[in-house]
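Going down the list, the protein sequences come from chains A and B.
Heads up: the first sequence begins at 0 in numbering that gives the first Met the number 0, then just goes up one per residue.
Heads up: the second sequence begins at 0 in numbering that gives the first Met the number 0, then just goes up one per residue.
Don't take every hint at face value.
To give a feel for the contact side, a few chain A residues facing chain B, derived at Cβ under 7 Å [unchecked claim]:
1. Ser164
2. Leu165
3. Thr187
4. Gly190
5. Gly191
Coverage of chain B stretches by chain A, computed from C-beta distances (three or more under 8 Å per stretch; other residues unrestricted) [stated by the list, open to error]:
6. 46-55
7. 92-106
8. 175-184
9. 254-263
Note that these hints are calculated values from the structure, not bench results.
Even for Gly, the Cβ is constructed at its ideal location relative to N, Cα and C.
These are the residues of each chain, in order.
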Amino acid sequence: MHGNLFRRAFGSAMTGLTYAAAVLAILPLAAVLAMLIVKGAGSINWDFFVKSAVPLGESGGGFAHAIVGTLIVVSLACAVGLPIGIGTGVFLAEFGSGRTGFVVRFVADVLNGVPSIVIGIFAWTWLVKPMGHFSALAGGCALGMILVPITARTTEEMVRLVPNSLREAALALGYPRWRAALQVVVRTAAGGILTGCLVAVARVAGETAPLLFTALGNEFFSTRLTGPMAALPLQVYVYALGPYEEWHRQAWAGALVLIMLVLAISLIARAVVRAKRQRA
Amino acid sequence: MTIPPAQTPAPPAQAVPATVPRIATDGLTAWYGSASGVRDVTFACRENTVTALIGPSGCGKSTLLRSLNRMHELVAGARVTGRVLLDGYDIYDPAVNPVEVRRRIGMVFQRPTPFPTMSIAENVAAGLAVGRRLPRSDRDGVIERALRGAALWDEVKDRLHDSPLNLSGGQQQRLCVARTIAPEPEVILLDEPTASLDPAGAAHIEELVQELKRDFTVVIVTHNLQQAGRVSDVTAFFYLGELIEVAPTTQMFTAPKKPQTEAYITGRFG
């Protein structure tokens with residue numbers, strides 16, 4: 000009886016600990032969101048989305064150039080990084096059992112752990128310096144390089160989840176190996192791959208360091224890929240460091256928009272998975 | 000319930016003289032690395048017959064089956080020595096494309112394997128698309144004939160564009176049969192096709208096997224001796240990787256020649 004009591008108390012205590020850990024994990028996140036909303040929501044208005052930065056001394060203006068810039072740079076990153084990442088993941092899952100697969104997987108894991116500022120310096124050395132100027136293109140490539148190892152590894156995991164029996168069924172029907180991989184295996188894993196990609200894109204959308212050396216930032220609205228371009232994290236960085244109250248308010252608003260953007264991408268990823276499940 | 004004459008220009012089934020079996024093995028040994036799964040197997044299946052491969056677990060009957068359409072070699076380290084003759088031609092000849100072999104020798108697995116991203120109709124047509132593109136009307140015709148051939152048409156004709164995952168296990172397995180017969184192979188290999196089904200589903204498949212042999216040559220691996228007795232014309236008994244005895248099914252079950260066979264079919268081991 001005594002032992003029983005102890006067992007139950009111990010069980011409750013451990014359960015309580017896991018709850019406490021969960022609350023501790025959520026707390027900072029909630030605090031960040033709350034602070035962003037308190038400090039930033041007030042500065043978000045129509046002008047914030049449609050106007051670019053105004054000269055010092057004038058009030059008003061907005062982040063339109065930075066929002067469009069982020070959309071362009073992230074699109075470039077997707078164009079560069081996703082095909083390579085997904086292709087690598089499919090290779091690793093379908094044909095990566097040998098030595099090559101081992102090396103590629105290892106390199107991808109190492110790349111995953113490389114600080115993003117190092118990627119930025121790399122892109123500066125190989126793209127910005129030879130071209131002679133900062134550019135959105137270089138920024139897109141830098142973010143794309145971060146996308147490659149993440150999407151490669153998540154794609155591999157998703158493709159591996161497809162039962163081998165499906166692969167065999169396709170081969171037994173007379174599918175060549177590549178066709179079984181693409182039309183049956185990858186198609187079956189498509190939902191998971193898409194989710195993985197969206198999560199990765201959400202992550203790079205908030206990267207600042209690699210863009211400092213590549214896209215640089217721009218006070219003006221620009222869609223020229225070969226020139227410097229503004230991006231939300233860069234603009235937030237510059238405005239937050241600046242000495243003006245007005246800038247600080249706009250930086251808070253920019254940070255809030257960035258979080259909302261990331262949140263939107265994550266929600267889309269979840270919706271995709273749910274839609275996929277319901278159809279199945 | 001017959002599959003009408005080939006609209007498929009796929010490799011023509013040669014007019015085979017009665018003396019040449021549809022599919023046969025000659026000294027076939029299937030290896031996993033340096034270990035052999037089945038050793039030195041020689042037997043033949045005549046056209047439009049059902050041959051049952053029986054034997055205790057691990058006796059190599061599934062390995063043998065997978066050697067007949069070159070699926071065995073897909074396992075890392077697996078290889079085959081000896082010959083497998085389809086209409087008298089060795090499918091392991093270096094000049095032969097294994098993909099081509101698998102189009103002529105279809106296979107249905109132990110567990111139903113419908114492609115989850117495709118509709119019921121697309122599943123049936125999956126093997127057709129590999130060969131070449133069919134006009135839509137022809138394609139619909141082939142899908143209907145294959146589903147009728149698999150005794151599934153009446154159950155799915157109103158939901159051809161639904162997901163196959165909403166079908167029961169037995170229906171899914173018949174869908175896999177339909178997918179296998181749609182490209183009109185010559186031989187159909189069934190690897191314990193009823194092992195994962197409930198008795199009703201299993202009975203359906205057994206009836207289906209009887210229908211299939213009108214148009215195809217069938218080889219079936221089964222753990223179920225009663226099933227072998229019900230569906231097959233010829234039974235081959237495997238034990239510890241060797242072909243112990245092969246004989247017409249009635250003879251095998253009434254008067255087996257080898258003592259191991261008798262011990263197995265009377266339930267003394269396995």
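Does the region 92-106 of chain B contain three or more residues whose Cβ lies closer than 8 Å to a Cβ of chain A? holds (count 6)
Assertion that chain A covers the region 46-55 of chain B - criterion: three or more residues, beta-carbon distance below 8 Å: Result for this restraint: violated, n = 0.
Interface hint outcome for Gly191(A) [beta carbon to chain B under 7 Å]: violated, 12 Å
Quick check on the hint: Ser164(A) CB to chain B CB, less than 7 Å? holds, 5 Å
Taking a Cβ-to-Cβ distance below 8 Å as contact, does the region 254-263 of chain B have at least three residues touching chain A? Violated, because only 0 residues of the region 254-263 of chain B bring their Cβ atoms closer than 8 Å to Cβ atoms of chain A.
Restraint outcome when Thr187(A) is required to lie within 7 Å of chain B by C-beta distance: At about 5 Å, which falls below the 7 Å cut-off, the nearest Cβ of chain B leaves the hint on Thr187(A) intact, so it holds.
Please check whether Gly190(A) passes as an interface residue: C-beta within 7 Å of a C-beta belonging to chain B. Not OK, violated: Gly190(A) not within 7 Å of chain B, min 9 Å.
Can you verify the interface hint for Leu165(A): is its Cβ closer than 7 Å to any Cβ in chain B? This interface hint holds because 6 Å falls under the 7 Å limit.
Within the region 175-184 of chain B, is the number of residues with a Cβ closer than 8 Å to a Cβ of chain A three or more? Since 4 is at least three, the answer is holds.
In summary, the numbered hints that this structure violates are 4, 5, 6 and 9.
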